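As you go down the protein sequences, you meet chains A and B in turn.
One point on numbering: in the numbering used here, the residue at position 296 of the first sequence is 296, and numbering is uninterrupted.
One point on numbering: in the numbering used here, the residue at position 106 of the second sequence is 106, and numbering is uninterrupted.
Note that these hints are calculated values from the structure, not bench results.
Among these hints, one or two may not hold up.
[As the list claims (entries may be wrong)] Here are some chain B residues the structure puts well away from chain A; computed CB gaps all over 10 angstroms: (1) F7; (2) D25; (3) L32; (4) H71; (5) Y77; (6) L95; (7) S111; (8) K131.
[Claimed, not checked] Straight-line C-alpha distance at most 27 angstroms; calculated DSSO-like pairs for lysine-lysine: (9) K697(A) - K131(B); (10) K38(A) - K56(B); (11) K585(A) - K117(B).
None of the values given here were measured: they were computed from a predicted structure.
In this text, a Cβ means the ideal position worked out from N, Cα and C, and glycines have one as well.
Chain by chain, the residues run as shown.
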Amino acid sequence: MIWSAAIYRRFAAALRPFVNEEITGKKKKAVINHRSPKKNMARIGVFVCWCGENIARTVDVEQVASAAAEMPGVACAMTCKYMCSEPGQAAIRHKIAEEHLTGVVVASCSPHMHLRTFRKAAEKEGLNPYLVEMANIREHCSWVHQDRTQATAKAIDLVAMAVAKTRNDQALAPITIPLTRRAMVIGGGVAGIQAALDIADAGYQVALVEREPSIGGKMAGLSETFPTLDCSQCILTPRMVEAGQHPNITLHTYSEVESVEGYVGNFRVKVRKKARYIDMEKCTGCGQCWNHCPAKKNPSAFDYGLGQRTAIYIPFPQAVPARPVIDAAACLKLTKGKCGICAKKCQAGAIRFDDEERMVTEEVGAIVVATGYKLYSIEKKTGTAYPLPTAAGTPLPLSGYGEYGYGRYADVIDSLQFERLLSASGPTGGEVRRPSDGQVPKNVVFISCVGSRDNAKGIAYCSKICCMYTAKHTMLYKHKVHDGQAHVFYMDIRSGGKNYDEFVRRAIEQDGAHYLRGRVSKIVEQSGRLIVRGVDTLAGEAVTIEADLVVLAAAMCPSDGAETLAQKLNVGYDENGFLSESHPKLRPVETNAAGVYVCGACQGPKDIPESVAQATACAGKTLVMFSRQQLTREPEIARVDETNCAACFACVRACPYTAIERAEIRDRKGNLVKRTARVNPGLCMGCGTCVAVCPSKSADLAGFSEQQIYAMVESLV
Amino acid sequence: MNEPQEFQPKIIAYVCNWCTYLGADLAGTNRLEYPANVRVIRLPCTGRIDFNLIVKAFEMGGDAVLVSGCHPGDCHYTAGNYHARRRWMLFRPLLEAFGIETERVHFTWISAAEGRKWQQVVAELTETTRKLGPYTGYREICEAKG
Numbered sequence: 001m002i003w004s005a006a007i008y009r010r011f012a013a014a015l016r017p018f019v020n021e022e023i024t025g026k027k028k029k030a031v032i033n034h035r036s037p038k039k040n041m042a043r044i045g046v047f048v049c050w051c052g053e054n055i056a057r058t059v060d061v062e063q064v065a066s067a068a069a070e071m072p073g074v075a076c077a078m079t080c081k082y083m084c085s086e087p088g089q090a091a092i093r094h095k096i097a098e099e100h101l102t103g104v105v106v107a108s109c110s111p112h113m114h115l116r117t118f119r120k121a122a123e124k125e126g127l128n129p130y131l132v133e134m135a136n137i138r139e140h141c142s143w144v145h146q147d148r149t150q151a152t153a154k155a156i157d158l159v160a161m162a163v164a165k166t167r168n169d170q171a172l173a174p175i176t177i178p179l180t181r182r183a184m185v186i187g188g189g190v191a192g193i194q195a196a197l198d199i200a201d202a203g204y205q206v207a208l209v210e211r212e213p214s215i216g217g218k219m220a221g222l223s224e225t226f227p228t229l230d231c232s233q234c235i236l237t238p239r240m241v242e243a244g245q246h247p248n249i250t251l252h253t254y255s256e257v258e259s260v261e262g263y264v265g266n267f268r269v270k271v272r273k274k275a276r277y278i279d280m281e282k283c284t285g286c287g288q289c290w291n292h293c294p295a296k297k298n299p300s301a302f303d304y305g306l307g308q309r310t311a312i313y314i315p316f317p318q319a320v321p322a323r324p325v326i327d328a329a330a331c332l333k334l335t336k337g338k339c340g341i342c343a344k345k346c347q348a349g350a351i352r353f354d355d356e357e358r359m360v361t362e363e364v365g366a367i368v369v370a371t372g373y374k375l376y377s378i379e380k381k382t383g384t385a386y387p388l389p390t391a392a393g394t395p396l397p398l399s400g401y402g403e404y405g406y407g408r409y410a411d412v413i414d415s416l417q418f419e420r421l422l423s424a425s426g427p428t429g430g431e432v433r434r435p436s437d438g439q440v441p442k443n444v445v446f447i448s449c450v451g452s453r454d455n456a457k458g459i460a461y462c463s464k465i466c467c468m469y470t471a472k473h474t475m476l477y478k479h480k481v482h483d484g485q486a487h488v489f490y491m492d493i494r495s496g497g498k499n500y501d502e503f504v505r506r507a508i509e510q511d512g513a514h515y516l517r518g519r520v521s522k523i524v525e526q527s528g529r530l531i532v533r534g535v536d537t538l539a540g541e542a543v544t545i546e547a548d549l550v551v552l553a554a555a556m557c558p559s560d561g562a563e564t565l566a567q568k569l570n571v572g573y574d575e576n577g578f579l580s581e582s583h584p585k586l587r588p589v590e591t592n593a594a595g596v597y598v599c600g601a602c603q604g605p606k607d608i609p610e611s612v613a614q615a616t617a618c619a620g621k622t623l624v625m626f627s628r629q630q631l632t633r634e635p636e637i638a639r640v641d642e643t644n645c646a647a648c649f650a651c652v653r654a655c656p657y658t659a660i661e662r663a664e665i666r667d668r669k670g671n672l673v674k675r676t677a678r679v680n681p682g683l684c685m686g687c688g689t690c691v692a693v694c695p696s697k698s699a700d701l702a703g704f705s706e707q708q709i710y711a712m713v714e715s716l717v
Numbered sequence: 001m002n003e004p005q006e007f008q009p010k011i012i013a014y015v016c017n018w019c020t021y022l023g024a025d026l027a028g029t030n031r032l033e034y035p036a037n038v039r040v041i042r043l044p045c046t047g048r049i050d051f052n053l054i055v056k057a058f059e060m061g062g063d064a065v066l067v068s069g070c071h072p073g074d075c076h077y078t079a080g081n082y083h084a085r086r087r088w089m090l091f092r093p094l095l096e097a098f099g100i101e102t103e104r105v106h107f108t109w110i111s112a113a114e115g116r117k118w119q120q121v122v123a124e125l126t127e128t129t130r131k132l133g134p135y136t137g138y139r140e141i142c143e144a145k146g
């Protein structure tokens with residue numbers, strides 16, 4: 001075959017797109033026009049899809065196209081078998097170029113299905129993607145109507161509305177927001193440590209804020225963990241040390257979040273560092289101070305009041321940082337001006353009696369919340385169950401079970417206290433001895449669901465882990481007190497999880513725990529023993545057990561201050577105070593505040609493996625964000641016409657995202673010209689609530705503007 | 001076959017993008033048939049709906065208006081549907097004062113899973129509007145004025 005010039009040209013033309021895009025690896029990049037077309041000069045292309053038979057069966061698509069061709073501003077209208085297919089998209093691109101279209105309307109399926117597809121196609125041809133709209137003539141028309149005339153009429157109306165909207169479309173450019181690639185983790189329990197380590201290992205700086213003097217959280221105080229009976233401290237403390245020594249992690253212990261400003265990518269968090277009375281740089285953690293401190297009889301919060309500590313103390317031997325803190329309320333020097341032995345003993349000169357609390361500001365791009373839980377207050381009166389020096393006496397909304405005598409009888413304790421009795425580092429050195437007289441209890445009653453699943457006490461939920469740790473308690477007790485007997489009053493045994501049910505069976509079958517299905521009505525003390533009155537509903541009879549020790553598996557509640565923190569972060573929380581995730585299934589660690597993630601028990605009761613998994617998920621989400629140089633956001637957000645704004649700030653009050661600020665416009669000399677509302681593009685999510693409340697009609701929403709919606713309604717005449 | 005044609009009311013529906021619009025999509029996917037009288041306008045959130053839009057719908061010859069968003073507590077934007085509800089509480093007596101039948105404005109919550117509810121709501125509203133007849137109040141007011 002002889003190649004004529006004409007054939008060669010045709011061949012070369014056919015090859016060109018491949019030469020440009022695939023062979024050279026360079027993609028021809030369309031220049032996107034960000035100028036909005038003039039309304040009267042609109043040249044809109046209408047593309048009506050058959051969707052095979054899906055639309056064409058009930059809607060006369062050709063009639064829709066010819067009606068659309070007559071609509072104001074429409075330059076061309078055509079139909080296609082499958083608009084979303086490659087040839088369909090190519091037809092759109094071809095028409096955009098050929099007809100110099102200023103807008104595109106695709107009449108096909110739901111915009112949730114293919115709006116993005118068509119916007120991308122238009123973008124490739126240089127048309128601003130926000131000048132593409134869809135008319136939903138499948139889900140909202142052809143699939144739900146039978147009458148062809150009516151369905152066609154409706155389809156024409158829907159297209160007319162879309163055309164009217166497109167005529168009023170504005171070209172929009174994606175918003176770019178600068179990004180600080182540094183994270184903050186609030187809460188230094190196992191979840192917080194995991195999240196911080198994961199982010200830090202990826203090479204980003206993390207500020208880890210912990211309220212207590214040491215990181216470690218609740219897990220540091222546990223004895224052994226179910227279902228493997230790993231020693232809790234043995235698996236946690238190496239992680240704590242790693243977090244403490246990691247070059248990318250800054251620890252703020254004995255610190256709390258004071259305020260949060262800014263938005264995703266650009267948070268400014270003020271951290272209040274409480275007075276520790278120790279120079280952290282000079283202190284070596286040698287222990288001379290706490291070994292010589294004369295104020296020895298202070299209840300230890302780490303031992304939940306079962307043990308005692310000095311006024312200058314480290315919460316537990318493996319604390320990170322291994323630096324002491326002075327309890328100002330217990331220190332003789334700080335209360336009475338006498339003593340000062342610790343300062344004399346300190347070789348490093350690290351004691352600072354004049355220390356004051358101070359504020360540190362951290363600038364971060366993402367925040368992971370891992371504030372954990374506390375146990376439901378089971379005292380009769382409100383107040384914390386045991387003296388906690390850091391969370392001083394805040395009244396708790398929930399309390400009950402006065403009939404169990406918690407707080408009145410020394411030998412009625414909660415499950416976290418029992419953990420300390422079992423722990424080798426606990427106040428009894430790992431021997432199970434009851435708090436009242438130090439005797440080894442021979443008969444122990446465990447009561448599960450104390451608070452949980454009890455609507456009368458205000459908690460409808462199941463605390464999820466109590467069945468498991470109660471089984472663990474009975475096992476560990478039996479391993480330590482061979483002639484002892486454990487009795488468990490339960491409502492149901494919920495042991496879903498890998499090796500979990502087997503674990504509970506082992507507690508019952510091998511370690512002989514006596515499980516009774518029923519509740520306990522009252523506990524009374526009689527000559528040093530606790531008389532537990534309950535019912536065994538399976539046997540159908542009342543039961544009385546003389547116990548030496550009673551352990552209450554109290555419900556898990558969000559820790560103190562979680563709601564206040566949620567308000568500072570603008571994160572939602574449920575009626576129980578647990579922080580709300582964005583979507584329970586598909587966005588389980590994201591919150592409605594962009595850039596804020598939740599993990600661990602602050603989001604809901606959960607065990608250690610789940611908390612750790614969530615923490616890693618939070619780190620993953622943070623790293624996805626940090627993988628970009630800057631953030632881009634959909635430009636369909638609100639805007640305030642500042643010259644027209646009357647500064648009533650109705651929008652500021654209505655905005656669910658606190659995205660609208662009260663701004664001042666000043667002249668060169670600094671005189672106030674006017675006040676106005678101003679939308680922060682980093683925070684606005686584009687709901688448009690401000691538009692509806694604005695009395696002067698100064699607020700508007702790009703993509704769903706007043707002009708567009710009115711034009712849509714008007715097109716229906 | 002020259003039966004008198006049944007009155008075909010024009011109903012304008014302002015729905016939120018995240019719940020009701022998807023609910024209506026689901027009705028489509030499940031092929032749940034309903035009267036072809038409703039014209040859906042998609043908005044990000046019911047909180048975006050200014051009541052001028054409802055008046056506008058009547059001005060433009062609409063016979064009824066449907067406002068539907070996410071169920072309380074389900075709002076994609078946390079609280080937009082509560083704003084809509086509060087506004088509705090104020091707007092309703094105003095409608096009565098204007099002499100517009102409140103049945104012509106229907107306020108409801110339809111979630112993304114409630115395709116069947118969408119079908120029912122549209123069918124019921126169409127039936128109610130058919131009984132009420134065409135809405136001419138707005139035109140009458142304009143003519144009386146001009």
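For this structure, which hints from the list above don't hold up?
2, 3, 5, 9
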